[in-house]
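Sequences and hints are given; from them, build the entire structure.
Residue numbers (my numbering), protein chains in the order written: chain H, 1 to 131; chain U, 132 to 262.
These are calculated hints, taken from the structure and not from any lab test.
Keep in mind that the hints are not guaranteed to be accurate.
[As the list claims (entries may be wrong)] Result set (DSSO-like, lysine-lysine): computed pairs, CA atoms no more than 30 Å apart in a straight line:
1. K251/U with K120/H
2. K189/U with K153/U
3. K189/U with K58/H
4. K147/U with K120/H
5. K251/U with K22/H
6. K97/H with K189/U
7. K58/H with K227/U
8. K228/U with K58/H
9. K120/H with K153/U
10. K189/U with K120/H
11. K22/H with K58/H
12. K96/H with K189/U
13. K251/U with K147/U
[Stated by the list, open to error] To list a few chain U residues with every Cβ distance to chain H over 12 Å, as calculated:
14. E219
15. A226
16. K228
Virtual Cβ for every residue (Gly too), placed ideally from N, Cα, C.
2 protein chains.
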Amino acid sequence: MAKAVHTMIRVFDEDKAVDFYKRALGLNVSSRFDFDDFTLVFLQNPETDFELELTVNKGQEAPYNQGDAYGHLAFTVDDLDAEHTRFESENLAPAKKFEMSLPDGTSARGFFVTDPDGYKIEMIERGGRFL
Amino acid sequence: MAKAVHTMIRVFDEDKAVDFYKRALGLNVSSRFDFDDFTLVFLQNPETDFELELTVNKGQEAPYNQGDAYGHLAFTVDDLDAEHTRFESENLAPAKKFEMSLPDGTSARGFFVTDPDGYKIEMIERGGRFL
Numbered sequence: 001m002a003k004a005v006h007t008m009i010r011v012f013d014e015d016k017a018v019d020f021y022k023r024a025l026g027l028n029v030s031s032r033f034d035f036d037d038f039t040l041v042f043l044q045n046p047e048t049d050f051e052l053e054l055t056v057n058k059g060q061e062a063p064y065n066q067g068d069a070y071g072h073l074a075f076t077v078d079d080l081d082a083e084h085t086r087f088e089s090e091n092l093a094p095a096k097k098f099e100m101s102l103p104d105g106t107s108a109r110g111f112f113v114t115d116p117d118g119y120k121i122e123m124i125e126r127g128g129r130f131l
Numbered sequence: 132m133a134k135a136v137h138t139m140i141r142v143f144d145e146d147k148a149v150d151f152y153k154r155a156l157g158l159n160v161s162s163r164f165d166f167d168d169f170t171l172v173f174l175q176n177p178e179t180d181f182e183l184e185l186t187v188n189k190g191q192e193a194p195y196n197q198g199d200a201y202g203h204l205a206f207t208v209d210d211l212d213a214e215h216t217r218f219e220s221e222n223l224a225p226a227k228k229f230e231m232s233l234p235d236g237t238s239a240r241g242f243f244v245t246d247p248d249g250y251k252i253e254m255i256e257r258g259g260r261f262l
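Written out as structure tokens, the structure reads:
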């Protein structure tokens, strides 16, 4: 059966993106493949083998257009408050924390942060269905 | 440490999206949360606990704009040729198969397919770094 293994996003500045994902999410470069016209960078941390793939097109002269279709990539953390404080101290500009009541009677706490290319990342506190 | 748990995409027609992801990737609805203004649908299959979250905004009157930033979600399968044939028989309109040589000396075989909202899905044959 098909297994989800990575999601790919195009980024304008490789160094800025790699630095962001390292500091925000502890993701490290697991592979970096350099081609004539583009570079592929795979990022991973020890929590899961699911990877984030960055595509860096060498001829790209302007930031990409985010559109309004794609939403976000979500990560869970044990201590949301501590992570929010850490994001602030790392100058990652996290949005305000939210709490969302779900129709099944549970709730979820989280916050959003935006990467250097404008992609949204959702941070969720572990619990309920978000483990 | 932060763990990647889902990626969220906005879809225009919930039924069409759920049908596509069921037939193409064996993803089933793990949770469906209905709110006044939107519905959240989480999709998952037994291969991994990583989920695909669909957001269905009830006031959306036109398809979303895909932009050119977000790339794709990738899945691995054991038998790429058999999956390509199955996708054709399911009228999922898979693109032609490709083979990509990687700078580390390995190669990867795959094909792309497009979901009802225009999101690209990459199917990759298991092997090498793609497991």
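These are the hints, each one checked on the structure:
1. A hinted pair counts as satisfied when its Cα atoms are at most 30 Å apart, and K251/U with K120/H qualifies at roughly 19 Å.
2. Note on K189/U and K153/U: the hinted pairing holds, with a Cα-Cα distance of about 22 Å set against a maximum of 30 Å.
3. Taken as a hint, the K189/U and K58/H pair is broken in the structure, with Cα atoms around 39 Å apart against an allowance of 30 Å.
4. A hinted pair counts as satisfied when its Cα atoms are at most 30 Å apart, and K147/U with K120/H qualifies at roughly 25 Å.
5. Under the criterion of a C-alpha separation no larger than 30 Å, the hint pairing K251/U with K22/H is consistent with the structure, at around 26 Å.
6. Using a Cα cut-off of 30 Å, the hinted pair K97/H and K189/U holds, with the two alpha carbons roughly 25 Å apart.
7. With a CA separation close to 25 Å, the supplied pair K58/H and K227/U stays within the 30 Å bound.
8. As the CA atoms of K228/U and K58/H are separated by approximately 25 Å, the hinted pair is consistent with the 30 Å bound.
9. For the hint pairing K120/H with K153/U, the CA-to-CA distance comes to about 26 Å; that is within 30 Å, so the pair holds.
10. Distance hint between K189/U and K120/H is fulfilled; the C-alpha atoms sit about 21 Å from each other, no more than 30 Å.
11. Restraint check for K22/H and K58/H: the C-alpha separation of about 22 Å stays at or below 30 Å, so the hint holds.
12. Of the supplied pair hints, the one linking K96/H and K189/U holds, its CA atoms being roughly 25 Å apart against a limit of 30 Å.
13. Distance restraint check for K251/U and K147/U: the Cα-Cα separation of roughly 15 Å lies within the 30 Å cut-off, and the hinted pair is therefore satisfied.
14. Chain H leaves E219/U outside its interface by the beta-carbon criterion, the shortest separation being 16 Å against a cut-off of 12 Å.
15. Against chain H, the non-interface label of A226/U holds: every CB pair exceeds 12 Å, the least being about 15 Å.
16. Once the 12 Å rule is applied to beta carbons, K228/U is consistent with being away from chain H; the minimum gap is 16 Å.
When the structure is compared with the earlier hints, a violation turns up for hint 3 alone.
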